[in-house]
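Those letters in the sequence shown? Residues 1 to 149, by the working numbering.
Some hints could be false.
Said to hold, decoys possible - Quick list of in silico lysine-lysine cross-link-like pairs, DSS-like style, CA-CA up to 30 Å:
(1) Lys126 to Lys146
(2) Lys146 to Lys82
(3) Lys147 to Lys82
(4) Lys103 to Lys57
(5) Lys82 to Lys103
(6) Lys126 to Lys76
(7) Lys103 to Lys126
(8) Lys125 to Lys57
In short, the hints are calculated from the structure, not lab data.
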Amino acid sequence: MKRTLLAVLMVCATSLGAQSQIPRVYIDAGETLDAGNSKDKAKQIDFGSAIAAALVKKKVAVQVVTDPRRAEWTIKTVSSQKEDTTGTKVAKLAFGFGGGFTKFEGAIQVIDDVSTSVIYAYNVKKGNFQSAAESFAEHFNDDYMKKRH
1 MKRTLLAVLM
11 VCATSLGAQS
21 QIPRVYIDAG
31 ETLDAGNSKD
41 KAKQIDFGSA
51 IAAALVKKKV
61 AVQVVTDPRR
71 AEWTIKTVSS
81 QKEDTTGTKV
91 AKLAFGFGGG
101 FTKFEGAIQV
111 IDDVSTSVIY
121 AYNVKKGNFQ
131 SAAESFAEHF
141 NDDYMKKRH
């Protein structure tokens, strides 16, 4: 019984210690600008929420927090979206170019809150904001998080 209790305590202490090593990040996503002709389409995009979801989906070892004072890192974004005009869409379909009709671009920085240094930066061009967020999360995990220890 004592050995079991000791083993449980050691596992709990180990998992608590590992959890405290996970960096806390706050996502400060700027408004996505509409680079096309329509004024309100880009306002529907929540790139910050897409990044948070992508970090979870790609199992990046960070904890997303909603209070910037509790964060160790801040993720800042600047993004824009452009949707093809109706005429361009028709032309693409008529000439067999197909593909996506939307272009999403984003610039993302991960900043250390203490030193204010940029610890990771990423530029992305994709067909939509979800793909862009997932691409960032994957590259951030592979290029930075896995190599930092």
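Each hint tested on the structure:
Distance restraint check for Lys126 and Lys146: the Cα-Cα separation of roughly 24 Å lies within the 30 Å cut-off, and the hinted pair is therefore satisfied. Taking the CA atoms of Lys146 and Lys82, the gap is near 33 Å; set against the 30 Å cutoff, the hint is violated. For the suggested pair Lys147 and Lys82, the alpha carbons sit about 35 Å apart, so the restraint of at most 30 Å is broken. Taken as a hint, the Lys103 and Lys57 pair is honoured in the structure, with Cα atoms around 23 Å apart against an allowance of 30 Å.
The straight-line distance between the Cα atoms of Lys82 and Lys103 is roughly 5 Å, inside the 30 Å bound, and the hint therefore holds. With a C-alpha separation of about 18 Å, the suggested pairing of Lys126 with Lys76 holds against the 30 Å cut-off. Of the pairs offered as hints, the one joining Lys103 and Lys126 holds, with about 6 Å between alpha carbons and a cut-off of 30 Å not exceeded. A threshold of 30 Å between alpha carbons decides the hint, and for Lys125 with Lys57 the separation of about 20 Å falls inside it, so the pair holds.
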